[in-house]
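Q: For the protein sequence lines, the chains are A and B, in the order given. Note that the first sequence covers residues 1 to 575 in my numbering. Note that the second sequence covers residues 1 to 281 in my numbering.
Errors might be hidden in some of the hints.
Unchecked claim - Using 30 Å as the maximum straight-line C-alpha spacing, the simulated DSS-like pairs for lysine-lysine come out as follows:
| id | chain 1 | residue 1 | chain 2 | residue 2 |
| --- | --- | --- | --- | --- |
| 1 | B | Lys85 | A | Lys443 |
| 2 | B | Lys218 | A | Lys561 |
| 3 | B | Lys80 | A | Lys549 |
| 4 | B | Lys85 | A | Lys563 |
| 5 | A | Lys574 | B | Lys178 |
Simulated from the structure, these hints should not be mistaken for laboratory data.
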Amino acid sequence: MAFFEQEIHDAPSTFLSKYVFSFDHKVIAKQFLWYGIAFLGIGGMMALLIRWTLAFPGEPFPVLGQILFPDTNGVVPPDTYAMLFTLHGTIMIFYAITPILIGAFGNYCIPLMIGARDMVFPTLNMLSFWLALVSAILLLASLFTPLGGAAGGWTSYPTLSTLIGSAGVGQTLWCLALFVLGVSSTMGAVNYIATIITLRAPGMGYFDMPLTVWGLWLTAVLNAIFLPVLGAGLLLLTFDRVFGTTFFLAGAAATSGSGDPVLFQHVFWIFGHPEVYILILPAWGIVSDLLSFFARKPAFGARSTALSMTAITILSTVVYGHHMYSGQMSPLLTQSFMMLTMTISIPSAVFFANWLGTIWKGALRFDTPMLFALGVVFVFGLGGLTGLYLATVSTDLYLHDTYFVVGHFHYTMAASVLLGGFAGTYFWFPKMFGRMMNETLGKWHFWISMIGLNGIFMGMMIIGHAGMHRRIYNPFVYEFLQNLIPLNMFITYSAILMGSAQIIFVYNFIHSMYKGPVATQNPWNVGTLEWTIPSPAPHYNFAEIPVVKCGPHEFGNPNLKGKDFQYQTEELVKA
Amino acid sequence: MTLLLDLYLKLFVSSTFAAEGAAGAEMVKVGFWEAIKPPVDISTYGHLIDSLFMLTTKLILFFFFFVCLGIFGFSYLYNKKRHPKALYTHGTSKKQIGIVAFIGALVFVMVDMQITTISNHDYVNVFLNYPKESDDIVRVEVLGQQWAWNFRYAGKDGVFNTEDDVVTLNDLRVPANKKVIFQITAKDVIHALYFPNARIKVDAMPGRISRLWFELTKPGVYDIACAEICGTFHYKMKARLTVYSQAEYDQWMAEVQERSKYITEVDRVENYWGWKWVASN
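All chains should be built: construct the whole structure from the sequences, respecting the hints.
A: See below:
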């Protein structure tokens with residue numbers, strides 16, 4: 001690899017240039033982290049409001065309810081309920097998980113792990129964050145429009161999301177917010193791809209990259225290809241709303257000319273299915289690395305893990321039809337989409353086997369990041385396997401749009417990704433802030449979250465199989481759902497438990513930032529490049545660009561004397 | 001603290017609530033396993049979905065058992081106290097690659113191929129196998145709107161969208177043991193006609209006619225819901241499904257046909273939302 005000469009900025013001197021308009025990937029990563037955590041809080045609060053409504057319909061939400069909904073005496077009104085689940089989905093996917101997993105860890109880990117001094121396009125990187133902020137302002141502004149924010153579900157299918165179903169300006173702002181966010185994420189994605197291709201330290205081949213970088217790279221590729229598709233769809237929808245076009249109108253509602261609402265579903269899911277993998281791939285990468293780091297053993301079949309992640313990336317682009325089985329799809333198409341979707345289970349089985357192979361005969365250390373990584377293996381096992389019901393067309397006819405779907409995708413997209421994100425946070429915190437997080441609180445956080453989220457999402461799958469459909473304000477107007485009242489309450493209690501566990505995390509995070517024990521350069525004894533420099537990472541990371549001589553997972557080499565791991569800058573010890 | 005107190009109150013109240021409900025809406029307190037059962041299956045093909053669900057569950061549990069065995073077993077056996085020296089292997093020997101490849105293939109053959117085959121067979125041969133137009137069937141046109149279901153029967157002349165059509169709101173009545181075929185569309189936004197008791201749903205989309213058929217076996221009254229978010233009162237888009245015996249159905253049909261002569265006003269355009277029946281085959 002030819003060495004690529006990076007443009008170097010001087011170290012910033014003013015507060016503004018250092019913490020606000022910074023070109024430094026590490027500062028931008030932290031900005032994304034705060035942004036993501038703030039929205040995680042908002043989205044989580046919305047989830048609690050939703051859960052409260054489902055378990056105790058018609059009863060005022062404690063404490064906050066009186067402030068938020070004075071007109072109804074603290075009870076969540078049905079139109080607000082629709083807005084809540086719409087924005088909960090939108091915020092969690094685009095404003096919480098994307099910034100944390102991709103924005104924060106992508107920015108922080110990629111240059112440090114490949115031995116670069118910064119991203120290849122620092123200005124683009126900064127622009128990516130500030131556009132994300134513009135998008136957040138647009139989205140939050142939609143809440144204060146006369147008819148409230150978007151309320152058509154995070155999928156915003158027309159014709160509900162056109163003027164026929166949502167008259168307010170909130171929906172238009174929602175479209176624009178996501179469009180701007182798409183631009184922001186595409187900028188980030190292009191930057192990640194270019195950085196990984198051009199700025200790998202000399203000697204680092206693609207298979208010498210840590211799997212975290214692999215995950216982030218594949219995510220960036222999917223982002224760069226498919227976010228523009230979503231952007232196109234959203235622009236057309238905006239045209240329908242603002243300029244009176246009829247791309248997505250049909251039937252009695254289309255007064256002049258006629259388009260097709262199903263067209264939007266195609267456009268949306270061409271983006272929407274890869275989006276699932278956009279969110280989970282960084283978590284897979286982090287987990288693959290952490291299992292090896294804390295098992296003190298080389299990652300089992302690291303190359304096949306990387307290749308199966310690549311295979312899934314490719315397959316994820318051709319399976320989107322399984323979201324639309326209930327729309328009278330031709331059996332030719334259902335058969336193809338069903339088979340293609342099922343094929344994903346082969347690479348998934350391969351890296352599951354590799355994960356278990358990694359901890360087989362290791363010397364496992366159960367530090368907090370490892371607990372979270374093992375947690376991901378558990379919940380993604382459940383989440384991935386339950387996808388089989390939804391990929392098969394006949395069971396999907398029953399389960400489509402029920403809470404079973406909600407439970408399934410929360411296991412994959414919420415539980416796994418969130419646990420993966422926490423694993424990463426606990427793991428890289430010392431490098432980010434130069435201090436260690438509290439282990440005891442971290443373990444409490446893990447176990448309570450684990451109990452809480454399994455209670456929630458397993459409960460959701462059970463009530464979904466019992467027939468409860470999605471996005472309903474009060475399930476108990478239906479005779480066939482009467483028996484599910486206690487279970488819905490149980491899910492809500494689990495959600496409150498899970499929510500309260502996050503208070504432990506926030507406390508731990510903020511407290512450790514200032515008062516935690518000072519971290520050494522390499523607190524976890526790991527050999528990847530970011531641990532060869534001081535904690536926190538200095539400006540421009542590497543005083544000298546490192547030369548890579550071995551893989552990222554060299555643990556427990558019997559020929560090694562004195563320590564059980566090798567830095568990537570060291571020659572592989574042979575007998 | 002208030003929240004905590006409220007929680008305890010809720011917990012306490014919930015037990016009394018169930019008792020009240022029992023008195024009020026004839027709700028019987030049921031056990032956990034009874035409560036989580038899917039609604040009673042009243043169709044001729046619902047068992048196909050239930051049995052495929054059970055099969056998939058068994059296969060999933062089989063594989064998830066091994067995942068758990070790996071996670072918990074290895075965590076126990078190979079923690080650093082019990083097993084301080086990790087094995088130095090990259091998982092690249094022929095044997096190791098073989099095992100991983102075998103697991104991948106096993107999942108594909110044992111799970112994927114099996115359930116895909118069954119599901120595809122059911123979908124093509126049962127769910128899409130619409131009854132013939134020449135058969136003795138009941139035809140219903142359905143129009144979803146915010147937030148109600150309109151049902152239209154052809155009436156005495158057997159032709160849709162004429163003055164003697166029988167039109168009902170949120171009230172579908174069909175005979176048991178007879179094939180019923182629906183043609184469904186929506187007026188404003190996308191809805192989905194969802195029969196939990198028949199394990200089936202289909203989208204109702206503006207500008208398209210979707211089809212669905214079923215044959216019900218158990219007379220009784222059941223719920224119909226809308227499964228696709230369609231606005232604020234999506235949850236109230238509920239209709240009633242009454243399954244009659246053939247005699248009851250004939251009697252009811254005769255009554256409403258008689259009544260429809262007087263109800264339908266010729267001049268009111270909105271009564272004519274129906275369409276000419278599209279022959280399935």
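Q: If a hint holds in the structure, say so; if it does not, say that too.
A: Against the structure, the hints come out as follows:
| no. | hint | result |
| --- | --- | --- |
| 1 | B:Lys85 <-> A:Lys443 | holds, 25 Å |
| 2 | B:Lys218 <-> A:Lys561 | violated, 76 Å |
| 3 | B:Lys80 <-> A:Lys549 | holds, 28 Å |
| 4 | B:Lys85 <-> A:Lys563 | holds, 12 Å |
| 5 | A:Lys574 <-> B:Lys178 | violated, 77 Å |
Hints 2, 5, counting from the list given before, are not met by this structure.
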